[in-house]
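Chains A and B, in that order, give the protein sequences. Our numbering puts the first residue of the first sequence at 1, with every later residue one more than the last. Our numbering puts the first residue of the second sequence at 1, with every later residue one more than the last.
Errors might be hidden in some of the hints.
Far from chain B by the CB rule (all over 10 Å, computed), these chain A residues [to be verified]:
#, residue
1, 131
2, 144
3, 157
4, 184
5, 288
6, 295
Result set (DSS-like, lysine-lysine): computed pairs, CA atoms no more than 30 Å apart in a straight line [said to hold, decoys possible]:
#, chain 1, residue 1, chain 2, residue 2
7, A, 132, A, 200
8, B, 220, A, 131
9, A, 324, A, 300
10, B, 205, A, 200
11, A, 240, A, 324
12, A, 67, A, 83
13, B, 205, B, 220
14, A, 69, B, 205
15, A, 150, B, 216
16, A, 132, B, 216
17, B, 216, A, 84
18, A, 123, B, 220
19, A, 300, A, 325
20, B, 80, B, 57
21, B, 205, A, 119
22, A, 84, B, 205
23, A, 73, B, 205
24, A, 221, B, 205
25, A, 79, A, 119
26, B, 259, B, 80
27, A, 131, B, 205
28, B, 205, A, 83
29, A, 84, A, 67
30, B, 220, A, 64
31, B, 216, A, 79
32, A, 119, B, 220
33, B, 216, A, 64
34, A, 3, B, 205
35, A, 119, B, 216
36, A, 3, A, 240
37, B, 220, A, 150
38, A, 123, B, 205
39, A, 79, B, 220
40, B, 7, A, 150
Hints were generated in silico from the structure; no laboratory data involved. Fair warning: this is a prediction, and the values are worked out from it, not measured in the lab. Ideal Cβ placement from N, Cα and C applies to all residues, glycine included.
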Amino acid sequence: MEKILEVQDLHVRFTTYGGTVQAVRGVDFHIHKGETLAIVGESGCGKSVTSNAIMRLIPNPPGKITKGKVLFKGQDLTKLTEKKMRSIRGVDISMIFQDPMTALNPTLTIGTQLVEGLKQHRKVSDSIAMKKALEMMQLVGIPNPEERMKQYPHQFSGGMRQRIVIAIALICEPELLIADEPTTALDVTIQAQILELFEKIQEVTGVSIILITHDLGVVAKIADRIAVMYAGKIIETGTKREIFYQPQHPYTQGLLNSVPRLDTKGKLQPINGTPPDLFSPPLGCPFTSRCPLAMEVCNKVYPDSTRLSDSHAVDCWLQDERAKKLLATMVTNKR
Amino acid sequence: MLRYILKRLLIMILTLWIIITLTFVLMTSIPGSPFTSDQTSNETVQQNLEKHYNLDKPKYMQYLLYLKSIVTLDFGPSIKQPNQTVNDLLGRGFPISFELGIVTVIVAVISGITLGVLAALRHNGIIDYLAMGIAVLGISIPNFILATLLIQKLAVDWEIFPVATWASPMHMVLPVLALATGPMAIIARLTRSTMLEVLTQDYIKMARAKGLAPWKIIIKHALRNALMPVITIMGTLLAGILTGTFVIEQIFAIPGMGKYFVESINHRDYPVIMGTTVFYSAFLIIMLFLVDIAYGFVDPRIKVTKKEGE
Ligand SMILES: Nc1ncnc2c1ncn2[C@@H]1O[C@H](COP(=O)(O)OP(=O)(O)O)[C@@H](O)[C@H]1O
Ligand code: SF4
Ligand SMILES: [Mg+2]
Chain A
1 MEKILEVQDL HVRFTTYGGT VQAVRGVDFH IHKGETLAIV GESGCGKSVT
51 SNAIMRLIPN PPGKITKGKV LFKGQDLTKL TEKKMRSIRG VDISMIFQDP
101 MTALNPTLTI GTQLVEGLKQ HRKVSDSIAM KKALEMMQLV GIPNPEERMK
151 QYPHQFSGGM RQRIVIAIAL ICEPELLIAD EPTTALDVTI QAQILELFEK
201 IQEVTGVSII LITHDLGVVA KIADRIAVMY AGKIIETGTK REIFYQPQHP
251 YTQGLLNSVP RLDTKGKLQP INGTPPDLFS PPLGCPFTSR CPLAMEVCNK
301 VYPDSTRLSD SHAVDCWLQD ERAKKLLATM VTNKR
Chain B
1 MLRYILKRLL IMILTLWIII TLTFVLMTSI PGSPFTSDQT SNETVQQNLE
51 KHYNLDKPKY MQYLLYLKSI VTLDFGPSIK QPNQTVNDLL GRGFPISFEL
101 GIVTVIVAVI SGITLGVLAA LRHNGIIDYL AMGIAVLGIS IPNFILATLL
151 IQKLAVDWEI FPVATWASPM HMVLPVLALA TGPMAIIARL TRSTMLEVLT
201 QDYIKMARAK GLAPWKIIIK HALRNALMPV ITIMGTLLAG ILTGTFVIEQ
251 IFAIPGMGKY FVESINHRDY PVIMGTTVFY SAFLIIMLFL VDIAYGFVDP
301 RIKVTKKEGE
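With these hints in hand, go ahead and build the complete structure from the sequences.
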């Protein structure tokens with residue numbers, strides 16, 4: 001399958017008065033055409049920074065992409081001029097933000113906000129833009145689109161606003177949609193509706209979706225593949241099946257144990273401790289201080305990525321061939 | 001909408017009535033009468049004059065007569081210059097004061113917003129520090145001091161602009177500068193801080209994610225929202241500029257309403273005091289009303305047309 005986006009060794013830093021925050025510390029992942037990739041992780045682990053870095057929307061200063069590539073259909077976005085990048089934003093790659101209550105400009109009508117991207121990039125006439133806007137409003141399921149286009153954001157509910165934000169993101173028919181916690185700010189029932197809308201949109205348009213979330217319920221519903229992020233790194237990737245049924249990283253296992261599931265019968269185990277400070281992240285595995293299985297090597301050296309299948313990879317010493325041998329000898333020596 | 005306007009109109013009339021009453025009370029309680037400074041007048045002349053201007057009548061009658069003159073918009077002749085009616089003075093002075101005021105407002109708003117936006121876009125840069133430095137000076141120096149400084153430097157020492165009076169655009173520069181700097185500074189600071197806040201909003205990020213050009217994001221998405229607080233304080237600023245014209249007109253010997261107003265108080269010229277006060281108050285009240293209406297136009301969330309409780 002064609003890789004539409006490939007992120008290689010991405011590093012992002014923020015220079016602040018308090019020091020340098022290493023928000024993203026070497027992230028690799030890719031997404032295929034028509035696929036939904038979920039990036040999961042606790043808040044503060046660098047999910048938003050990663051997605052903003054792809055769009056080159058990191059505020060600079062203080063932020064900067066210090067290393068790595070973002071290959072969109074083979075073209076490295078980190079090398080583009082700002083002007084060229086503008087012609088990609090909203091056209092080839094679109095973004096949806098967490099809070100629909102603040103993502104729309106309160107002083108402009110929905111119609112204006114819908115068509116402005118189209119008019120900027122496609123130079124279409126007003127009537128064609130309006131037609132396209134109506135089409136999008138229908139696609140995302142807004143009743144009476146013609147009337148509603150003349151209204152302002154405050155006249156819509158949160159769920160409706162998120163539908164509008166989605167319509168805005170899709171109006172130029174992008175190939176990749178990055179949704180940063182698109183359902184976090186919504187009621188549970190509305191969340192389900194929005195997730196269904198994503199599925200429908202993908203069916204109709206074939207768009208690839210990077211879905212960023214800290215909610216495994218959301219992931220379980222619509223992701224094809226999952227990347228688990230921790231302290232600025234992706235520590236495990238795999239298909240939904242692999243991550244949910246054969247999680248190999250202790251952090252992934254911990255995450256899964258901390259959400260209610262039918263088979264755990266209410267025994268929830270939160271992960272103790274807190275993620276490391278990104279001002280001075282540890283040299284070794286960042287999960288060491290919280291990991292029940294941590295070994296001496298973990299604290300000193302970051303584990304290499306171990307491939308478990310074509311789609312499944314994990315950064316953990318427990319899966320490393322060398323460590324496995326070592327463990328085996330230790331066990332035999334004890335006997 | 002009609003209901004709202006009617007309600008506002010009622011409140012405006014009530015406000016005006018309170019101002020008139022207060023002015024009347026204050027005016028008549030200042031010691032002295034319009035004729036005390038006249039050397040020529042003797043007892044009988046003074047009595048005749050008082051009779052002529054109804055000043056011999058009881059206070060409440062005088063009050064009612066003033067109210068009547070306001071309702072009929074006929075303030076009668078001036079006491080000091082009996083050959084002129086108050087309406088004549090207003091008709092002559094108002095256009096000049098209005099010109100001074102409106103040019104000041106335009107200069108203050110345009111330069112204030114520009115300065116504020118530039119400062120916000122170059123946040124913590126040299127332009128920012130420069131603009132805010134100017135703003136702090138503008139706020140802390142009172143307009144009459146600035147006026148004298150400007151006259152001394154630009155008119156007397158360097159002879160670039162005329163010292164006083166009101167004849168050509170060159171004559172307008174110094175008084176407008178003196179009057180506009182304060183409000184400009186306030187607008188600049190406010191625009192900067194709201195602009196900085198607006199620029200961090202999600203909808204600005206979303207506009208960037210749409211791939212819009214930077215100038216479009218600033219003008220269409222940021223500025224409009226950043227200007228709301230500026231519109232809110234416009235009422236206060238207008239009041240400040242209006243009272244500022246009294247002082248500035250005195251300093252620059254501009255024959256506007258402010259001059260008549262100040263003179264009328266010095267001379268206890270009751271009809272002129274009443275006429276100018278009513279005129280100034282009515283003008284300001286109407287301006288504040290217009291500012292409120294404008295606010296509704298810029299911010300769709302505020303609907304003046306909506307009934308209360310809706
Ligand atoms: N503008 C910024 N300045 C300084 N630090 C930032 C900035 N934006 C994000 N960070 C830091 O980067 C880290 C990752 O943040 P983020 O990507 O927003 O996390 P999340 O996974 O919750 O989306 C956090 O430690 C945060 O403090
Ligand atoms: S590398 Fe070590 S500390 Fe990190 S998750 Fe694996 S076992 Fe735990
Ligand atoms: Mg986030």
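Results for each hint:
Non-interface call for residue 131/A relative to chain B: holds, since the shortest CB-CB distance, roughly 19 Å, exceeds 10 Å. Every C-beta of chain B lies more than 10 Å from that of residue 144/A, the closest at about 18 Å, which supports listing it as non-interface. Remark: the non-interface label on residue 157/A is consistent with the geometry, its nearest Cβ contact in chain B lying 15 Å away (cut-off 10 Å). Distance check for residue 184/A against chain B: the nearest CB is about 13 Å away, which clears 10 Å, and the non-interface claim stands.
With a minimum CB-CB distance of about 35 Å to chain B, residue 288/A clears the 10 Å threshold, and the non-interface call stands. Non-interface call for residue 295/A relative to chain B: holds, since the shortest CB-CB distance, roughly 42 Å, exceeds 10 Å. The suggested pairing of residue 132/A with residue 200/A holds, with an alpha-carbon distance near 18 Å, which does not exceed 30 Å. Our distance criterion of 30 Å between C-alpha atoms is met by residue 220/B and residue 131/A, whose separation comes to about 23 Å.
A distance of roughly 17 Å separates the Cα atoms of residue 324/A and residue 300/A; the hinted pair therefore holds under the 30 Å criterion. Among the hinted pairs, residue 205/B with residue 200/A is consistent with the structure: their alpha-carbon atoms are about 26 Å apart, no more than 30 Å. Distance restraint check for residue 240/A and residue 324/A: the Cα-Cα separation of roughly 26 Å lies within the 30 Å cut-off, and the hinted pair is therefore satisfied. With a C-alpha separation of about 21 Å, the suggested pairing of residue 67/A with residue 83/A holds against the 30 Å cut-off.
Between residue 205/B and residue 220/B, the direct Cα distance comes to roughly 13 Å. Compliance with the 30 Å bound is thereby established for this hinted pair. Proximity of residue 69/A to residue 205/B is assessed by CA-CA distance (about 22 Å); at most 30 Å being required, the pair is judged to hold. The straight-line distance between the Cα atoms of residue 150/A and residue 216/B is roughly 21 Å, inside the 30 Å bound, and the hint therefore holds. For the given pair, residue 132/A sits about 22 Å from residue 216/B by alpha-carbon distance, which is consistent with the 30 Å threshold.
Between residue 216/B and residue 84/A, the direct Cα distance comes to roughly 17 Å. Compliance with the 30 Å bound is thereby established for this hinted pair. Restraint check for residue 123/A and residue 220/B: satisfied, since their Cα atoms lie roughly 18 Å apart, inside the 30 Å limit. As the CA atoms of residue 300/A and residue 325/A are separated by approximately 19 Å, the hinted pair is consistent with the 30 Å bound. Among the hinted pairs, residue 80/B with residue 57/B is consistent with the structure: their alpha-carbon atoms are about 20 Å apart, no more than 30 Å.
Distance hint between residue 205/B and residue 119/A is fulfilled; the C-alpha atoms sit about 18 Å from each other, no more than 30 Å. For the hint linking residue 84/A to residue 205/B, the alpha-carbon distance of about 18 Å falls within 30 Å, and the restraint holds. At roughly 24 Å between alpha-carbon atoms, residue 73/A and residue 205/B fall within 30 Å of each other, so this suggested pair holds. A hinted pair counts as satisfied when its Cα atoms are at most 30 Å apart, and residue 221/A with residue 205/B qualifies at roughly 28 Å.
Distance check on the hinted pair: residue 79/A and residue 119/A sit about 26 Å apart at the alpha-carbon level, within 30 Å; holds. Under the criterion of a C-alpha separation no larger than 30 Å, the hint pairing residue 259/B with residue 80/B is consistent with the structure, at around 14 Å. Pair hint residue 131/A plus residue 205/B holds up; C-alpha atoms about 26 Å apart against a cutoff of 30 Å. In summary, the hint linking residue 205/B to residue 83/A is supported, as the alpha carbons are separated by about 16 Å, within the 30 Å threshold.
A threshold of 30 Å between alpha carbons decides the hint, and for residue 84/A with residue 67/A the separation of about 20 Å falls inside it, so the pair holds. Our distance criterion of 30 Å between C-alpha atoms is met by residue 220/B and residue 64/A, whose separation comes to about 27 Å. For the hint linking residue 216/B to residue 79/A, the alpha-carbon distance of about 24 Å falls within 30 Å, and the restraint holds. For a cut-off of 30 Å, the pair hint linking residue 119/A to residue 220/B stands: about 14 Å separates their Cα positions.
Distance restraint check for residue 216/B and residue 64/A: the Cα-Cα separation of roughly 24 Å lies within the 30 Å cut-off, and the hinted pair is therefore satisfied. Proposed proximity of residue 3/A and residue 205/B is supported: the alpha carbons are some 27 Å apart, at most 30 Å. For a cut-off of 30 Å, the pair hint linking residue 119/A to residue 216/B stands: about 12 Å separates their Cα positions. Among the hinted pairs, residue 3/A with residue 240/A is consistent with the structure: their alpha-carbon atoms are about 18 Å apart, no more than 30 Å.
A distance of roughly 17 Å separates the Cα atoms of residue 220/B and residue 150/A; the hinted pair therefore holds under the 30 Å criterion. For the suggested pair residue 123/A and residue 205/B, the alpha carbons sit about 22 Å apart, so the restraint of at most 30 Å is met. The hinted pair formed by residue 79/A and residue 220/B meets the criterion: a straight-line CA distance of about 29 Å does not exceed 30 Å. Using a Cα cut-off of 30 Å, the hinted pair residue 7/B and residue 150/A holds, with the two alpha carbons roughly 29 Å apart.
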